[in-house]
Structures are given as structure tokens and as C-alpha cells.
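Chains X and R supply the protein sequences, listed in that same order. Just add 1066 to the spot in the first sequence (first one is 1) and you have this note's numbering. Just add 1066 to the spot in the second sequence (first one is 1) and you have this note's numbering.
Think of the hints as simulated: they come from the structure by calculation, not from any bench. Being a predicted model, the structure only gives us computed values, none of them experimental. Incorrect hints may appear among the rest.
Claimed, not checked - Capping the alpha-carbon separation at 30 angstroms, the derived lysine-lysine pairs in DSSO-like fashion look like this:
1. X/Lys1109 with R/Lys1271
2. X/Lys1109 with X/Lys1125
3. R/Lys1109 with X/Lys1109
Number of protein chains: 2
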Amino acid sequence: MADRTHLQIGSLIFAEIDQSDLTGPFEVLSRIPGSTYHVIAKKKAPLRDACGLILTPEKTFSEVGRLDLLHIPGGPGQEALMDDEETLSFIRQKAANARYVFSVCTGALILGAAGLLKDRKATTHWAAFHLLKYFGAIPVDARVVIDGDLISTAGVTAGLDGALRAVALLCGEHKAQEIQLGIQYAPDPPFHSGSPESAPPEVVKAVRAAYEPLAAARLLTARRIGAKLNLEDPEQQGC
Amino acid sequence: MADRTHLQIGSLIFAEIDQSDLTGPFEVLSRIPGSTYHVIAKKKAPLRDACGLILTPEKTFSEVGRLDLLHIPGGPGQEALMDDEETLSFIRQKAANARYVFSVCTGALILGAAGLLKDRKATTHWAAFHLLKYFGAIPVDARVVIDGDLISTAGVTAGLDGALRAVALLCGEHKAQEIQLGIQYAPDPPFHSGSPESAPPEVVKAVRAAYEPLAAARLLTARRIGAKLNLEDPEQQGC
């Protein structure tokens, strides 16, 4: 029989991922004693993150066994996966047997396209938050949302907070605290600009404008995929 | 003439780096508009971080021109670089012409071995903080320390805070705030365990014990390199 005390952790990677959505959680989760970390992609070839960093997967879909934790990062490349049946089918299959499914940033939208957010509490990057409803999710505006076996986080750097919560669930709080101390995670951002609520209005305006083309594409995709999944269009519902 | 408004940013990578020391700052610095990011190593071959993640450099030492920001990450692999004259010489040469030198975690010790910490205020990972004095540095127990053109940070995740400070210095606070909002950096650690002062005593004890073998090796190296650089041994000085 497989050793169920040895944890199997797997992260999906893809072209134009946001690398921190992988590397933040990797920093935390790879430090779990008695665990194996699988960096997984459709093809075993190096790929680039949205800002150009080269990441190299070591397992393809067919090479991955049961996972205790299935981690789905986000980033602009998430758009291309929303219709990729091979990827969505891999996610559904691994999620069905995982102890936890853990999305970071717009990785939640990929879970949505796989049909895994229906009637589940979830969050995502602030600029994509309004899209969760198209996948039947119950949007919760928090940095980390835990709904049963589903852990989802807000954008990019929230993956660190979510990964520490995941370690606490898998191995207890003491181990999570040890890892936090090892990575000296006592954050001290120099500005109060980490959320649209706290950032100066002109900063929010500039960042929203930069996101606009991607946001428009994501809205169209979310509505189309939601319809394909036979989820109700929230805009057609009464209040 | 070279375009001095286009920023050249370079990170040194090496075997057994702590990948977050690279990828945290990369997430921030690679978002600077009008910049080029160079991931640099002695040889242009993929290498593994201390927890096994594959990282791939794209430039060797001889392929790198003037840098505006020279970024030196840390991690256990820093030990092997402390005597590597080719690497230390590259660092000295690039630092001499850079606008800022930016160390994360035990990257500061590499700068120390290159002779760049003498009489400079600096910090590093809490478990290596007591070693700064062997390199003639003025240790400052803060998350980010800025002394003229030298930016140094505490361990691992402090690279994010340091990188945002670097963006503010290079491009102004507005741009740093935009980047902070883009990566939704409104951290919310689930535990108060990010520093030896805040972590539960039994957590500090466990993590110190795990670091012990590496800490002993680092102490020997720091004393030896300090002596080689003709820096005074702090233990021989009166108070």
C-alpha cells in the first residue's frame, strides 16, 4: 500500500503563470518534512512565467499519482486553460482524491472552469473577484478562504498566507509556525497599497487601467464557460 | 550611448539558492516598465534551489553589461560561493557601477566575502545576523536596511519588502505602490511566528536546532573569510 503519511504535493504550472503563485507556496510547502513536491505540466518542457522567468516542470499529467494537496496557481496564462479539456480533466481527477485543493490568485478561475467552485466559498485576485459568480461560487472577500477541502486565496502574494494555512491543516500549527520562522515571514510592506481599499485612488486607477484588456477577455470567458457548465448567469437572476 | 532610462536589473543565482530570495524580488522588479531582467549564473545550465525547484539562468558573467540594480539572493548555497573568486570578482565589478546593490537573506554574507560590507549598515536572515560583524559590517536589526547604495534585507520573504523599497528608489513611490497593488501584497500571516522575538519559544528552539549544522559551518567560514579580508576579529576587540 502507498505510504499515506508521506505527503504528495503537486503544483500545476503553465505558460504565462504568475511565478509567485507557484514559488510562494513552494517555499512553504516544500519545507514539510516527509513530503514530495511535484511540479506538473501538460508537457515536460521549460516554460516562461508572465514576466519571463523560466520554470521547468518535472512531471506530466500521466506521471502523477494521488496527491494530498493539489495546488493551482494563476496568472494571465489561466485564460488559455479555461477551455483545455485535458487540463481540466486532470484537475477534476486529482481533486477528487486529494485531501485539499488549493488555488492561488486566478487559479480559482481554472477550478471554476473545471466545475469545482459550484456552491463553494472561494476568493481570487481582486481584479477577478467579480468573475467568481459565473462559476457558481459563493464569493468571499478574504485573503484566504477555506471551505471544507477547498482553500483559495486572493492575488499572488496571498499564496504565502494560504500555504501556511494548508501546512497547519496537513501537519498542525506548530509545523506551520516553524516554517514561518524559517522564512522569516514577518512582513512589513513599505506602503499601504496592497488592496484597492487601502491603495491611493490614483494608484488603483492606474492599475485598473493596465488590467483592462485582460479583464475584458476574462469576463467574456467567464460568461461563456459558466453557460457551458449550465450554471445560471447571475445577471439574469433577480435579487 | 547606452539608454540610461531603461533599467538593467540582474540577479545572481546558484545551486542551493533559496528560490524565494530570487522569485520574491523578481515578482516586484520584473514589473518595472522599461526594464530588462537578467537571471545570471556562472554557467548557463539549470540548477536546483535548496528545496529542489529548477531555476534556469539566461546570462553568464561575461554576458552581463552594466547593471542598475545588482541583486544577490541567499540560501544554503551561499556557503560555496564565499571562496569562489570568479563569483566574488563578478560581484565587485558589477557593484562598482551599479546604482544599487540589493542583498536578500544570506546574500549579505556573499557581499561580505566580496568585501562590500565593510563599515556599511546591513542585515541578513536572523539565524545569520551574528555573522555580519566578521565582514566589518554595522549590523542593523531591521527587515530592510538602506545604507546609501546598499539595500539589504532579513530572511527569505523580506526580499519582497526590500524590492518594493528598491522600486521606490529607482522609479518613485507611485510605481512601487502600483506594483504592490498588482501583487495584492496586503500580507496577513495566520500566526505570529515570523521572527525569533514573536514566535513561540518551542518553535524557536526547534528551528534553531534544525539550523545548527549549517550555522556551525557558516560561523567557521565567516571567521576564516573575515581574517582573509584583514578585517579585525570582533571577538578579539575590547568593548
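>> For a quick check of understanding: which of the numbered hints are violated here, in increasing order?
In response: 1
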